[in-house]
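S.K.: If you read the sequences in order, they're chains H and D.
All residue numbers for the first sequence refer to the working numbering, where the first residue is 88 and numbers rise by one.
All residue numbers for the second sequence refer to the working numbering, where the first residue is 39 and numbers rise by one.
Worth flagging that the hints you see were computed from the coordinates, not collected in a lab.
Bear in mind the structure is a predicted one, so any value in this text is a computation, not a measurement.
C-beta: ideal position from N, C-alpha, C; glycine also.
Hints may contain errors.
According to the in silico footprint, chain D covers these stretches of chain H (three or more CB under 8 Å from chain D) [unchecked claim]:
#1 134–145
#2 168–175
Straight-line C-alpha distance at most 20 Å; calculated DMTMM-like pairs for lysine to aspartate or glutamate [stated by the list, open to error]:
#3 H:K216 - D:D112
#4 H:K216 - H:D205
#5 H:K216 - H:E180
#6 H:K216 - H:D199
#7 H:K216 - H:E196
#8 H:K216 - D:E111
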Amino acid sequence: MLEAEGLAAWRGERLVFERVSFTVPAGGALLLTGPNGTGKSTLLRLLAGLVPLAAGRLLWEGANALADLSEHAGRVAYVGHLDAIKPGLTVAENLAFWGNRAAVQAALEVYDLRRLADLPARMLSAGQKRRLALTRLELYRAPIWLLDEPTLGLDTASVVRFGERLDAHRRSRGCVISATHLPLPLPGAGEFSFT
Amino acid sequence: MRRLIARELHLSLRHGGDTLAALLFFLLVVALFPLAIGPAPETLGRLAPGIVWVSALLAALLPLDRLFGAELEDGSLDLLLLSGIHPAALAAGKAIGHWLVTGVPLLLAAAPLAVMLHLPEEAIPVLLLGLLPGTMVLSLLGTAGAALVLGARRGGVLLPLLVLPLAAPVLIFGVAAADAASGGLTPRPHLLLLAAFLAGSLPLSLAASSAALRSAAE
Numbered sequence: 088m089l090e091a092e093g094l095a096a097w098r099g100e101r102l103v104f105e106r107v108s109f110t111v112p113a114g115g116a117l118l119l120t121g122p123n124g125t126g127k128s129t130l131l132r133l134l135a136g137l138v139p140l141a142a143g144r145l146l147w148e149g150a151n152a153l154a155d156l157s158e159h160a161g162r163v164a165y166v167g168h169l170d171a172i173k174p175g176l177t178v179a180e181n182l183a184f185w186g187n188r189a190a191v192q193a194a195l196e197v198y199d200l201r202r203l204a205d206l207p208a209r210m211l212s213a214g215q216k217r218r219l220a221l222t223r224l225e226l227y228r229a230p231i232w233l234l235d236e237p238t239l240g241l242d243t244a245s246v247v248r249f250g251e252r253l254d255a256h257r258r259s260r261g262c263v264i265s266a267t268h269l270p271l272p273l274p275g276a277g278e279f280s281f282t
Numbered sequence: 039m040r041r042l043i044a045r046e047l048h049l050s051l052r053h054g055g056d057t058l059a060a061l062l063f064f065l066l067v068v069a070l071f072p073l074a075i076g077p078a079p080e081t082l083g084r085l086a087p088g089i090v091w092v093s094a095l096l097a098a099l100l101p102l103d104r105l106f107g108a109e110l111e112d113g114s115l116d117l118l119l120l121s122g123i124h125p126a127a128l129a130a131g132k133a134i135g136h137w138l139v140t141g142v143p144l145l146l147a148a149a150p151l152a153v154m155l156h157l158p159e160e161a162i163p164v165l166l167l168g169l170l171p172g173t174m175v176l177s178l179l180g181t182a183g184a185a186l187v188l189g190a191r192r193g194g195v196l197l198p199l200l201v202l203p204l205a206a207p208v209l210i211f212g213v214a215a216a217d218a219a220s221g222g223l224t225p226r227p228h229l230l231l232l233a234a235f236l237a238g239s240l241p242l243s244l245a246a247s248s249a250a251l252r253s254a255a256e
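Next comes chain H alone, as it looks inside the complex:
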């Protein structure tokens, strides 16, 4: 269970948001919505431990989540708005850092990238790159998924596939927190609106 109490974050000289509180139970999901530039991505980065907390508390299973950043990093899987793909490496090589060979091959099946495994990543389309970025989620084995516009550029079939993976993750008591403007296959998700 992830609990946020009165979170606030600075970005440069600007207070992006303050007094953000929510609770995501095990197996729960939270959608972050609101206009551009209101702090959805910053909140995700804050939850990942990349942006320092200006005020408030973040609790994971009742204990301060950000006390040990390296330990917290092991708990979160972050998919940012950038795909973090090295164009010079092949699709499979792009994943090699995150898992062993067998795990990578299995993960490539999830979004139907097996055929493209040996293709240089620079040849991929925007949607295929997104699928590759989402494939990393399969390799992290982290309970908290932090997703920034995860379905941007995905085709319908991949969104359905992504929905199944989200369900499976939540059934295994994982949390999902996602910023989005598009409808996401997250039934029963809470919503936090930025204004």
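Keeping the supplied structure of chain H fixed, place chain D upon it in accordance with the hints.
M.R.: This is chain D only, laid out in the frame that chain H set:
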């Protein structure tokens, strides 16, 4: 950590041009000196350690602005920081990668170049022995510098301004060691001082890189 270094090597092999560029730059700069100061063997032999050291220093700077810059631009830096590897270990991996890809080729190329510049034979092993810790220190300082200029505009210009003054002591003692050997003196104190710089820059560079990487990700 092993995966991180493997990833570094893999990336630099794929971008072979960047890797080769530093080495070719080194060869070309060294080759310019005989053209500029004339081919007289005794002059060249006397200046050889300085020429090799300064050229190696400049060549080692070339790949630095992409060291973390590329990772920041494509979002990989966030993922690396979230991979559970401590940022200092991340910087260490990067420094080792930089040394293997840039430092070692420079070291290998330095011997034939020193011969070309008529450096006295007895000074060549000492020059290389000095370059060994020297290139390691350069990789460490360079990694710290590259992490510090992340996110700064015109970071590529700022980087040499930051790293070169810090590398000056290494240059002084590296050249002094080779000069001592060609003058018939013992290079031992100079080499020991280089080793001391390596021991000192290891924790300091990694601590600085670690803090810089964390703040760059904000």
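S.K.: Hints first: check each against the structure and report whether it holds.
M.R.: Results for each hint:
{"no.": "1", "hint": "134–145", "in the structure": "holds (count 5)"}
{"no.": "2", "hint": "168–175", "in the structure": "holds (count 7)"}
{"no.": "3", "hint": "H:K216 - D:D112", "in the structure": "holds, 12 Å"}
{"no.": "4", "hint": "H:K216 - H:D205", "in the structure": "holds, 14 Å"}
{"no.": "5", "hint": "H:K216 - H:E180", "in the structure": "holds, 13 Å"}
{"no.": "6", "hint": "H:K216 - H:D199", "in the structure": "holds, 12 Å"}
{"no.": "7", "hint": "H:K216 - H:E196", "in the structure": "holds, 15 Å"}
{"no.": "8", "hint": "H:K216 - D:E111", "in the structure": "holds, 16 Å"}
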